[in-house]
Each structure stands twice: as C-alpha cells, then as structure tokens.
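*Asks:* Sequence:
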Amino acid sequence: MSVGDDKKAKGWLGSEQRRLLIQEYGIFLAFLILVAVLSVSNEFFLTAGNISNVLLQTSINGVLAIGMTFVILTRGIDLSVGSVVALAGIVSASFVTSSATAGISGAPYPVALGIGIGLLVGIACGAVSGLIVSRFSVPAFVATLGMLSAARGLTLIYGGGRPVPALTPAFRWIGTGDVFGIPAPVIILAIVFAVSWWILNRTRFGRYIYAVGGNPHAARTSGINITRIQFVVYVISGGLAGFAGMLLSARTGSALPQAGIAYELDAIAAVVIGGTSLSGGVGRVTGTLIGALIIGVMNNGLDLMGIQSYYQQVLKGALIVGAVMLDQKRNYGA
20 MSVGDDKKAK GWLGSEQRRL LIQEYGIFLA FLILVAVLSV SNEFFLTAGN ISNVLLQTSI
80 NGVLAIGMTF VILTRGIDLS VGSVVALAGI VSASFVTSSA TAGISGAPYP VALGIGIGLL
140 VGIACGAVSG LIVSRFSVPA FVATLGMLSA ARGLTLIYGG GRPVPALTPA FRWIGTGDVF
200 GIPAPVIILA IVFAVSWWIL NRTRFGRYIY AVGGNPHAAR TSGINITRIQ FVVYVISGGL
260 AGFAGMLLSA RTGSALPQAG IAYELDAIAA VVIGGTSLSG GVGRVTGTLI GALIIGVMNN
320 GLDLMGIQSY YQQVLKGALI VGAVMLDQKR NYGA
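Residue 169 in the numbering used here sits at position 150 of the sequence shown; the count goes up by one each step and never skips.
Since the hints were derived computationally from the structure, they do not count as laboratory data.
Built from N, CA and C at the ideal position, the CB exists for glycine as well.
It is possible that some hints are incorrect.
Taking CB as the label site, the calculated pair distances span [unchecked claim]:
| hint | residue 1 | residue 2 | range |
| --- | --- | --- | --- |
| 1 | I218 | T246 | 11 to 21 angstroms |
| 2 | A237 | S156 | 14 to 24 angstroms |
| 3 | A67 | L164 | 39 to 49 angstroms |
| 4 | G272 | M344 | 12 to 22 angstroms |
| 5 | F224 | G200 | 33 to 43 angstroms |
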C-alpha cells in the first residue's frame, strides 16, 4: 500500500468513526445545543422553578414513551395510549374521590386500590391490543386504532362524560408530592426508566425484543416465541399508559374524560427523535428519555418566548419527519 493510500485509509476510518460517534451521541448533543440556545434566549429558562416545571411536564410523556419504545422495537405501534390514559385515569379516580356524586360510593377507597385498579385497566387494554396483534396477525396500526376509539368510548360511558373531581390528598401525592424536594412524578419516571433499561439491556427478554424487531423470521427459527413477546410488549405499553393516566389525574386534581388526546403523538415523537427505528430492532430507552426531554424543553422554551402553540406543533412535526428521514438514511442509505 502506498503512502497516499495509507492516508486515505486513515482518513476514511476517521470519517467513519465520526459518523458512529454522531449516530451514538448525536441526540445528546442536540439536547445540549437546544438547552444552550434557550438559555441564551430567555433568562428564566435555567431557573430552578422552570427546570422543575420542565421535568414535571416531561414525566408523563416520558412514562408513555418508554412503554411505546418496547412496542416500536418489535416493529409495532400503539396508537391507543392517549385514550388509555383517560380511561385508567377516570376509573382509578372514581375509587379515590371524596365526592359522593362522582365516586363509586360516598367515601373513597384506599389509594393503593385506586392505583391497582388503574394499572389493571391499562394492562387489560394493552392485553387486548397485544392479543389481536400477536394471535390474529392484525396490523398493529389497525388494532391499536380500534382500541383508541374503544377506550375513549368506555371513558365517556364510565364517567358519563363528566370529570371526577375532589381526589384524595394521598392519591394526589403521586402527581404533586415530592421527596427531598424532587417531584414525585420525576422520581416515578426515573424508576420506570431504570427498570426498563435493565429489562432491555440485562435480561433475556430484552434481547428477544431486539431479535424480534430486527429479524422476526430468524427469531422464530431460533426458537423465540414471537407471539408471547409481541403480546407482552403491548401489555407493558398499556400498563405504563394506565400509570401515566393516574399521574395526570393526580397532578390536575381531577380526572377528565377528554384527557390524553393526542398524547400518543408526543410519545411516538419522543421515541423516534430518540433514535429508535420504526423498522424495529434498533433503539435505546436512554434515547427515548432524551427525546421526551427535547420535546418538553422545546415546548417550555417556546412558551417562555411567547411563541404560539400552533408553531410548536409545526416544529414538532418537522422534528419527527427529520428523525425518520435520518433513520431511513442510516438503515437503507436512502
């Protein structure tokens, strides 16, 4: 090999290494740049109160997006999470309200029961979607679109189209309380993230999820029960959506039948922006968390600058499309 060829090879390796570094850490760099720009643009952005507000706003979408990550990693999608948020929120709230006109009875039940019921509602919705997708081979888009409509209808039927107010202080704590100054929803998000990271990176089940998303035919040949994996990821997504619904109700002090509208779009956006491929098999829950933070920081920063929410939707849409284009280029060279 000549000296010139050797320099070209070194240059190519350098370029490839830079590409891999950008692919690996680009989302973190984008987040830091966004924070730096907003910090310069508005003096109130980096205040302790505003940072706490950003984390609170991100916590609900973060929990939803982590559940969505499990589904998308298997080449699926869950459009029902926004409706499940409303259904689980209003059902659980009906057990922990002190309002005799809104509750199941004149007195509230223990908060643990309300939380357990809300989780069961979310898990049940996820199980139905997972069963339809895994057992009957119905496209995930169709199955979860049906659940989106059904769960929203059940929410209106169960609550009679009315909100459930006057939630007990013990239940509200999960949305408004704190531990040593750290908001409870932020702690819950951190726990959900840590458990999900461990599942995806340190367990056989996590490896199977990546295998099913990467090449389902090869996974089946290897003896992986694809049906079970697909079913369980929708159960996880539904359960976390149910928990997010309770967080939202606890934070606002009442459960609203119209809660969670379009929340599935923010969850999908966080997952895609975080680098998880819609083609399945590629992605990290860490990227999803950063994606949720990017959306939360962007919304907060634009609010501080007085930019209308309509423009925020346009920017969010552009971010989603841009992230998908980068994913296509990375995977297919298109």
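*Asks:* Sort out which numbered hints this structure fails and list those numbers smallest first.
*Replies:* 4
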